[in-house]
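Trainee: As a plain string of letters, each chain reads:
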Amino acid sequence: MTATESEATGAKKTTVTVTVDGVTFEAEPGELLIKAAQDNGIYIPRFCWHERMKPVGMCRMCLVEVEGGRGFPPACTTPVADGMVAHSQSDAVKQIQDGVLEFLLINHPLDCPVCDRGGECPLQDQTLAFGPGESRFVEEKRHFPKPIPLSELVLLDRERCIQCARCIRFADEIAGDTLIDFIDRGDRMQVLNFEEQPFDSYFSGNTVQICPVGALTATQYRFRARPWDLSTVETSCTTCSVHCRGAVQSSSNRLVRLLAVDSEPVNHGWLCDKGRYGLEWVHSERRVLEPQLREGSGRRQVSWPDALDRAADAIEQAKNLHGAESIAVLGGARGTNEDAFAWAALAKGVIGTDNVDAQLGDGLPADFVLGMERAEIADLDRASAIVVLDQDLRDQVPVLFLRVRRAMFELGVPLVDLAPAAHPLSAHAAVVARTIPGESIAASVHAEITRVTQGRTGPVVVIAGRGNLAASAESVVGAAADLARMHDVLFLSALRRGNVHGALDAGLAPGFLPGRIRLAEGRAWFADSWPNVPEQRGMDAEAILRAAADGKIRVLILLGADLVSDFPDATLARRALDAIDTIIAVDGFDSESTQRAEVFLPSTLWGEKAGTVTNLEGRVQRVGRKVAPEGTAMDDWRIATELALRLGRDFDLATVDEVTDEIARLAPALAGVTAERVKRARDGVVVPVAAHLDEIVLRTGALSLMADDGSGTSWDPIKVEGEVPAEPVDAAEVSAAADAPELHEWDRLKSHPEAPARDAYALRLVVGRSLYDDGRLVSETPLLQRLVPEPALRVHPSDLARIGVDSGGQVKVTSTRGSQVVAVRSDAGVPAGIACMDFSADALGAALLIDAAQPVIDLRVESLR
Amino acid sequence: MPSAAPEVNETRIVTTRLHDRPDDSWTIDGAIASGAYESLRAVLTKGDAADVQEQVKLSGLRGRGGAGFPTATKWSFLPPDSFPRYLVVNADEGEPSTFKDRMLLERDPHQLVEGIAIASYSVQCNVAFVYVRGEFALGYERLTRAIDDARSKGFLGRNILGSGFDCDIVVHRGAGAYICGEETALLESLEGERGMPRIRPPFPAIEGLYAKPTVVNNVETLSTVPHIMRMGGEEYAKLGVNRSTGTRIFSVSGHVNRPGNYEVELGMTFRDLLYGLAGGIRDDRKIKFFIPGGASSQWLTGSDEHLDAPLDMDFVQQTYGVMLGSGAVMVFDETVDPVLVAWRLAKFFAHESCGKCTPCREGTGWIEKVLYRMSHGLGRPEDLDLLISVGGNISPGVSNAPFVQTTICPLGPSAVSCIASIDKFFRAEVLERLRNDAGVHA
Amino acid sequence: MSFFDDANLTKAKEILARYPRAKSAILPLAHLAQDQNGWLSPEAMEQIADLTGCTAADVLGTCSFYTMFKRRPCGKLVVSVCTNVTCLVVGGPEVLDHLEERYATEPDVTVEEVECLAACGGAPALQVNYEFHERVSPSSAEEIVESYKSGARRARTVSGAPVA
Ligand SMILES: Cc1cc2nc3c(=O)[nH]c(=O)nc-3n(C[C@H](O)[C@H](O)[C@H](O)COP(=O)(O)O)c2cc1C
Ligand code: SF4
Ligand code: FES
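Residue numbers (our numbering), protein chains in the order written: chain E, 1 to 865; chain S, 866 to 1307; chain V, 1308 to 1471.
A portion of the hints provided could be inaccurate.
Stated by the list, open to error - Here are the simulated lysine-lysine pairs, DSBU-like style, with alpha carbons at most 30 angstroms apart:
(1) Lys1320(V) to Lys1018(S)
(2) Lys1077(S) to Lys1320(V)
(3) Lys94(E) to Lys1234(S)
(4) Lys35(E) to Lys750(E)
(5) Lys141(E) to Lys94(E)
(6) Lys1383(V) to Lys1330(V)
(7) Lys54(E) to Lys1330(V)
(8) Lys1151(S) to Lys141(E)
(9) Lys1377(V) to Lys141(E)
(10) Lys1330(V) to Lys1377(V)
(11) Lys1077(S) to Lys35(E)
(12) Lys1377(V) to Lys1320(V)
(13) Lys146(E) to Lys1234(S)
(14) Lys1383(V) to Lys1077(S)
(15) Lys1377(V) to Lys146(E)
(16) Lys1377(V) to Lys1018(S)
(17) Lys35(E) to Lys719(E)
(18) Lys922(S) to Lys911(S)
Bear in mind the hints are in silico, worked out from the structure with no lab data behind them. Note that the structure is a prediction, hence the values are computed from the model and not measured.
Okay, chain E solo, but in the shape it has when bound (with noise of 0.2 angstroms):
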């Protein structure tokens, strides 16, 4: 449907009056019966529909009856009509429900005592349900060998499946990969991909999770756990910005499965891969659990008393001898908000100093990202144009990259494409002009988005990342301010680093206090609580290291941030890190770059801490505590708030909640985000709270795993009962104090610099990340580890011819800052002049070649021969 239908039908508020099985209801016209139903409480039953996709009245299961109608139709492919009677439990209905639950058996193993889905599977349920007694089928079952391995992640039993199709329409409409199908035909048909290659989908998951039965099942859950030794929280995914909602479960305190909760605002009910099977790193045997302070060479557990003070003491001791300036935070992306703001007091309100940064100059800038105009997810369905700036979306927030796909196929909302190279999406776009890193966007461009967006109403939203960590971020801007001075746009910005936008929020940026206020302008609204505030802003990631390079930097504090493999430019971050006195590991891991580590204070993970956390479109939700972590690890906030004590402030909050009401309190941009609110709205805030009051859904059921019927865990969407508040909010209650400054606004006037021309001999590196990036949570989740791509540079086939080397050859590449040695691979995708390749942890490739210094890297490649 394109989006003027939409609205033309949206417009239109008239209801059509139904009644099914005796009850009467009003629904929308056009809507499917099954739906319309279910949403008044009468659940027709179905196998092969789920209301995220189209309908393909495949299994019949859902037949239903319709007075002054012929035969029996689909509830699932019939739309409702004004006093339309239909029967879902006459007679004929039940004698027909139960025909096709005896077909759907007659072949099935019936091993539910072997089976992953015992106990929560939708045929076992609706047999016991609906379904006939001993069988009759007395002939020989079909066979097949079993399981089939579809991918690293997802395996296929063929006798359990019921050919309902949406494992196969998932893959198709819903992620575009149409990696498998259907083979054969009539009863031989099966499920199958295509010979070597694999079903390999960034969202293979979701399908192992909508499967009615145990036909898909998930190597890292298989036989792990069932379902009645499992317990379950609700929680948010932080492994990118985007997160999605989800249920997290474990089993004798191991995380065991991420399910996938179905909220509209935000993720529809899917997961990506990473995010869903990204749990085993919190449980992986490298974790530090316990405090350690360096002896020697190496390092020794100490008590926290003893981790602390000596912690302490180092920041003491450098803010006596050399200023609180000598003393850098960064990192705080990973945790909560409630961790980053008692970080961002301790520094900024106790120890004094700004040089703090949550981004390690692999995002955006604050004074962007904080001040822009910013748009909601959903935004995106009603756009008249999506501007893809700077990002191949899958790679780096896979969830949102299905909502752009859903608002382009199915609602027509047009796409202009301006990554520098090809992308999933690219062939769908509307526009596409490839934008050269540090050349400003073209001005046809305006024209062609004036074009595509003639007649349609709504914002154009504008997806700005850092999928280029070769050029400047000043490029993205530019293109942003640029963007937004021709058209009336808001702003996503898609960066990578799971609670980035709640860290930069939380004050964890140099120049911001917590609430997206100015240092200048919020120093007296802080004074009382934080009266060491400095004076001066301070210096961003980048120019912190090379201050530490130069040894201005005495003591770095490192919030689950490894430099090296996260900063850009590696051999910037390692000519730091040798540089510094002190550094403190606030982290759950060992790297690199904390191996010189004078104290490391070990740090709870993802699945150990509740908290709150904010997403890229500034909606703040909570992430709940399934596992107690190993040893003693605490909570960042903790951490910072016993440091602060043993500095000589006492910050007075004892529990996370009190933490988030303390920055509801004193956040400008985050007032009125209470623990009680976050917790009672169903798909959390969004901030400014006040701007948002009408969009806010109370919960009023809890989290339940159930289906519809009461049965198995939901292989409909999982959803929260919720309702708009009967009397609206009091704004007032919600705002921020008349006193409080003023948030802040990023100036879109303001210029800025071109990169230098590129000349005609070299390549201009592009280097992203992909999904499977080798981070932390890969490298120590060996399911995933197994996916991460060979590094390889990407470049267009006459690049290739001029450079004389076969694609699967060896080139030496030169950048400033020296040579390497890479595979390289021919790809149309990647526009002549341009040189892609993915930036990697282990293989530090890309890293080394890259210039923090440099606004773009021109790269000399040659060929070995």
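Let chain E serve as the given structure and place chains S and V with the ligands on it in line with the hints.
Mentor: What follows is chains S and V with the ligands alone, placed relative to chain E:
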């Protein structure tokens, strides 16, 4: 029972040329020499597209593919100003024992081409597709050749016969799937998909091929159109009975002395067709049962009542719950075991089920397995009622198979027709046998 | 590395040009592949995927639906014997049994049971590479197959295309 052959003749309209010119009826010269494309010329000269549909309406022509839907009505469903629109010709003839369309393709392709051109002109379609059953290698060759020749003579392509009307024909070969004869499965197949029927609505007339308005017509249906234009609709309508106007080709096969295709005026009795034209039953045996409209239809017996029934689409359906369907009449003499025939039909439907609907995918296979046992001496007394019960989950009530469905298309329910027929005509005989088998195998 | 030879690649382009949507060309291209190669190999399906802009899984899904596409190597002669009801009652199965036994050990002849061939007027019927032969008996059927083997009759390709 008197099997003295009654004096009856065919009424040849669409089969005239292929009988009159056995040696060159399929060539452009042979066709033109026997009047091909004159109707097209006349239509284009007259230049009244609406008149074509009017004549077809007056003729009472109903689809010859199986469903018997009024052709002009189907054309009229096309939304007025939505273009492009497509005419798709169903030449997938796969209904067991139907072999008329193959004959028309191989031996009078120009008649079809002319019919397509006229119909396209009437429904304002500029590209028509012919979906030819994959196994029809010769038919495919002759049709593509005919299209090339017609184009070179100006009967197809740009500005046909100077009329300003453009029309071309793309021939698409199937690859072995009976279900692709079902019109929406055919469209899927034509789009390069698995041949699985679509959910209706939307109907092809609204969203058909490439989601554009589409008319799907059978080979014989369209081959008739030039003659309707030549004779005039009213004249054509004078042939036949009631709402079954004109002639139809019946493919008579099985235990008759002269199996083959016979074009007869509708209204003729089965007796005249089977005894008068097809030469009666081999060795003067009796008919045990015959299947009047292709494998999907329920059966009739050799009783005088059934033999004297007229070839009237509505009458036979209303009176006996059978259909003239695709015009295939399969005749079985008293040596034949109806259960064996039922098993083979079930095997056919199980093999051809596309697999989309649970009841058809699983049910046809189950029925086939049970009928196999029953027809091979391994039956159990309860099997017949089991079949009726299982069949009832595919075609509720069984007795109205294949017209009542729990499925998307009638293929699944068609596998129930034979069960209904056995229950209706041979229940006692079959139960008796099952008891004996059980005894033997106890 | 192209699966189709140059001549067939040209044909493939012509075929693609016939349709408003490239995917429609999957069936004709698969026939073409069998004309060239004698069966539908994975390599063929991969190139058909490239030509039609589909995934290989897509092409496999479509092609595996249709019985004329042989996804394993088969004989140069494909003998299709109908055993559907009309042929059933006039000797079709006997013809099938005889040919299956006779050619069990000849890899160059693939005998298969098929559904109604629309030749019931001349039942029992069979096809050799989609060329019809009607009113056959076990012995006449064997003679027919032999005549193709000897070259007395020129066989079409396994997809039924005439061989020039
Ligand atoms: C399982 C099945 C198979 C069919 N096979 C054919 C066929 O081979 N040829 C045909 O013309 N119609 C066939 N039909 C009927 C078509 O769906 C469609 O009604 C017909 O082609 C319309 O053309 P007409 O109106 O000219 O008859 C079949 C229908 C079904 C349900
Ligand atoms: S009834 Fe059978 S053939 Fe028809 S759509 Fe359903 S499964 Fe396919
Ligand atoms: S047919 Fe409606 S749910 Fe499957």
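Trainee: Each hint should be assessed against the structure and marked as holding or not.
Mentor: Consistency of the hints with the structure:
no. : hint                     : verdict
1   : Lys1320(V) to Lys1018(S) : holds, 26 angstroms
2   : Lys1077(S) to Lys1320(V) : holds, 24 angstroms
3   : Lys94(E) to Lys1234(S)   : holds, 26 angstroms
4   : Lys35(E) to Lys750(E)    : violated, 50 angstroms
5   : Lys141(E) to Lys94(E)    : holds, 25 angstroms
6   : Lys1383(V) to Lys1330(V) : holds, 28 angstroms
7   : Lys54(E) to Lys1330(V)   : holds, 21 angstroms
8   : Lys1151(S) to Lys141(E)  : violated, 41 angstroms
9   : Lys1377(V) to Lys141(E)  : holds, 26 angstroms
10  : Lys1330(V) to Lys1377(V) : holds, 20 angstroms
11  : Lys1077(S) to Lys35(E)   : holds, 28 angstroms
12  : Lys1377(V) to Lys1320(V) : holds, 23 angstroms
13  : Lys146(E) to Lys1234(S)  : holds, 24 angstroms
14  : Lys1383(V) to Lys1077(S) : violated, 41 angstroms
15  : Lys1377(V) to Lys146(E)  : holds, 25 angstroms
16  : Lys1377(V) to Lys1018(S) : violated, 39 angstroms
17  : Lys35(E) to Lys719(E)    : holds, 14 angstroms
18  : Lys922(S) to Lys911(S)   : holds, 18 angstroms
Of the numbered hints listed earlier, those contradicted by the structure are 4, 8, 14, 16.
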